[in-house]
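Visitor: Chains A and B, in that order, are what the protein sequence lines are.
Residues in the first sequence are numbered consecutively from 1017, following the numbering used here.
Residues in the second sequence are numbered consecutively from 2, following the numbering used here.
Since the hints were made in silico from the structure, they are not lab data.
Cβ atoms here follow ideal geometry from the backbone N, Cα and C, with glycine treated the same way.
Mixed in with the good hints, there may be bad ones.
Unchecked claim - 25 Å max Cα-Cα, derived SDA-like pairs, lysine to any residue: (1) K181/B with K1194/A; (2) K181/B with A1088/A; (3) K1194/A with A1091/A.
As the list claims (entries may be wrong) - Covered stretches of chain B, going by a simulated chain A footprint (3 or more residues, C-beta under 8 Å): (4) 166-173; (5) 182-192.
To be verified - One-sided excerpt, in silico: chain A residues whose CB lies under 10 Å from chain B: (6) G1065; (7) L1066; (8) R1080; (9) I1081; (10) H1096; (11) L1103; (12) S1105; (13) R1107; (14) G1117; (15) T1150; (16) S1152; (17) G1154; (18) M1166.
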Amino acid sequence: MLSVKNLAVSYNGVPALHDVSFEVEQRQLVALIGSNGAGKSTTLRAISGLLRPDHGEIAFEGQRIDARPAFAIAARGIAHVPEGRGLFSRRSVMENLYLGGYTQTDRAQVNASLEEVFTMFPRLKERRNQRAGTLSGGEQQMLAIGRALMSRPRLLMLDEPSLGLAPLVVDDIFRILKEINTRGTTVLLVEQNVREALDIADRGYVLQTGATVLSGPSAQILQSDLVRKAYLGL
Amino acid sequence: METLMQAVVSGALMGLVYALISVGLTLIFGLMEVVNFAHGQFLMLAMFASYGMSVLLGLDPLVSLPIVAVLLGILGLITNRLIILQVIRGPMVAQIFATFGLGIFLANGAQFLWSPDFRVVQNPWLGQLAGGLVRLPGGVYLGVPQLGAAVLAGVAFAALYLFITRTKTGLALQAVAEDKEAAALMGINSQRMYDVGWFLGLACVGVAGAALANFYYIAPQVGNTFAIIAYVVVALGGFGSVSGALLGGILVGLVEILSPVVLGISPDLKYAVVYSVYLLIVFIRPQGLLGRY
Ligand SMILES: Nc1ncnc2c1ncn2[C@@H]1O[C@H](COP(=O)(O)OP(=O)(O)OP(=O)(O)O)[C@@H](O)[C@H]1O
Ligand SMILES: [Mg+2]
Chain A
1017 MLSVKNLAVS YNGVPALHDV SFEVEQRQLV ALIGSNGAGK STTLRAISGL LRPDHGEIAF
1077 EGQRIDARPA FAIAARGIAH VPEGRGLFSR RSVMENLYLG GYTQTDRAQV NASLEEVFTM
1137 FPRLKERRNQ RAGTLSGGEQ QMLAIGRALM SRPRLLMLDE PSLGLAPLVV DDIFRILKEI
1197 NTRGTTVLLV EQNVREALDI ADRGYVLQTG ATVLSGPSAQ ILQSDLVRKA YLGL
Chain B
2 METLMQAVVS GALMGLVYAL ISVGLTLIFG LMEVVNFAHG QFLMLAMFAS YGMSVLLGLD
62 PLVSLPIVAV LLGILGLITN RLIILQVIRG PMVAQIFATF GLGIFLANGA QFLWSPDFRV
122 VQNPWLGQLA GGLVRLPGGV YLGVPQLGAA VLAGVAFAAL YLFITRTKTG LALQAVAEDK
182 EAAALMGINS QRMYDVGWFL GLACVGVAGA ALANFYYIAP QVGNTFAIIA YVVVALGGFG
242 SVSGALLGGI LVGLVEILSP VVLGISPDLK YAVVYSVYLL IVFIRPQGLL GRY
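Using the sequences and the hints, build the whole thing.
Guide: This is the structure:
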């Protein structure tokens, strides 16, 4: 469904990615792991069109998307929950959710999505008129995920959704991501919480200094020497 | 006491017109972080458009108002596409020179084409209505054209506010103003929102210009005073804040008209008082009353 081949991206001439390749099959949950500065966020930002690649190919559902503007890629069915969540903090929870459904033209469908999001995150319903900036960290992450779901994405990409959250909340988030995936949405998850991410993932890719260095079924990745030493400290 | 009431009411009414002029400036800034230094000259063009249609086509300013609004909106769109989008990625000074230069070009062009003379629209309907003067309870007299202009400004401002807060496009506009990247991830095309912002912002200037044409003199340099007032209003209310423009507009309208009455100074000095109040407020609250910057 998503295929990234030999992706290279730089910031003002300074390379951040030089050779990133991976595949995400339909209905899979794929984890992309790597330490700080490995290039995980850069990869997601290139896929969603926020960055232009120098080389390489990104194809979604068989079509090249690497030269398309971000708003057009979003409209094609890729939702990206960015690092730091990217909420509209001055707008209310409701307004954020409606903005998530911006590409949807069918009003009934938007309302149906809204109901689904509220069922998944009852807390958001309670706080629907509150400004997003006043929510707790966990609630903000729920809103960011709920907002992404409002566009009924076929591919949901999340950049470190567990960052800065209490362990119990992290468990909640991972459980919900698994559930979203089980219901049919393909998920690409960037995480530093290696074990939890690989526990719910079908496949994993390890990114190091701008290149994918390891790939395989997540159980296999968890057993690998590289991951055990470098990421799990075993 | 009656003169004070009189001053308060007229000041607040004129303040609504200032608010409408300024809201375009604040809207565009909020969206693109571009200060339109040609704002006053666009107002001048709106007044001339209204005047021209009354002289050439016999259309009353009230009739030509929607036409002027749309014309100015289109002019905003063209300005955005031809000038602003070319310089927006450049340094701040490039943007300043671009719009500042445009303003000078428009004012001098108007002077060249239409001479520096002052004109007025002859016998506008609002001027003839009820003898052109209404008496409010409390012995306050108001010119019908001034009252009409304030009502028009108030209605246009309210319409803009409802559009921004209650429609999908309005919400998208606010999203782009807050975070362009996040807005793009929602599928919002920010370039399109810039078009919408310039169209709406200058349509407001169009309405204000047509409303002012009912009673204000019209000349190539008329934009200067209003431009300076608009910058003060926006800085006072807070750059990028729509409700700040309303608050700032009314405040400036009041200070401007009350200072000669209350302080007993010459009306020539009223702007000195306006700027003093502005400096005072900005000194205490640099981001403006309702601003975030
Ligand atoms: N805006 C930027 N300008 C310049 N360099 C950047 C920018 N963003 C990231 N980089 C560089 O690109 C490389 C990859 O960064 P990236 O943010 O993709 O890493 P990451 O894997 O997401 O790390 P983290 O886990 O810390 O979020 C790093 O060397 C980083 O310093
Ligand atoms: Mg990152």
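Visitor: Against this structure, judge whether each hint is valid.
Guide: Results of checking the hints against the structure:
no., hint, verdict
1, K181/B with K1194/A, "30 Å, violated"
2, K181/B with A1088/A, "14 Å, holds"
3, K1194/A with A1091/A, "24 Å, holds"
4, 166-173, "holds (count 3)"
5, 182-192, "holds (count 10)"
6, G1065, "7 Å, holds"
7, L1066, "6 Å, holds"
8, R1080, "19 Å, violated"
9, I1081, "14 Å, violated"
10, H1096, "5 Å, holds"
11, L1103, "7 Å, holds"
12, S1105, "7 Å, holds"
13, R1107, "7 Å, holds"
14, G1117, "9 Å, holds"
15, T1150, "15 Å, violated"
16, S1152, "19 Å, violated"
17, G1154, "19 Å, violated"
18, M1166, "9 Å, holds"
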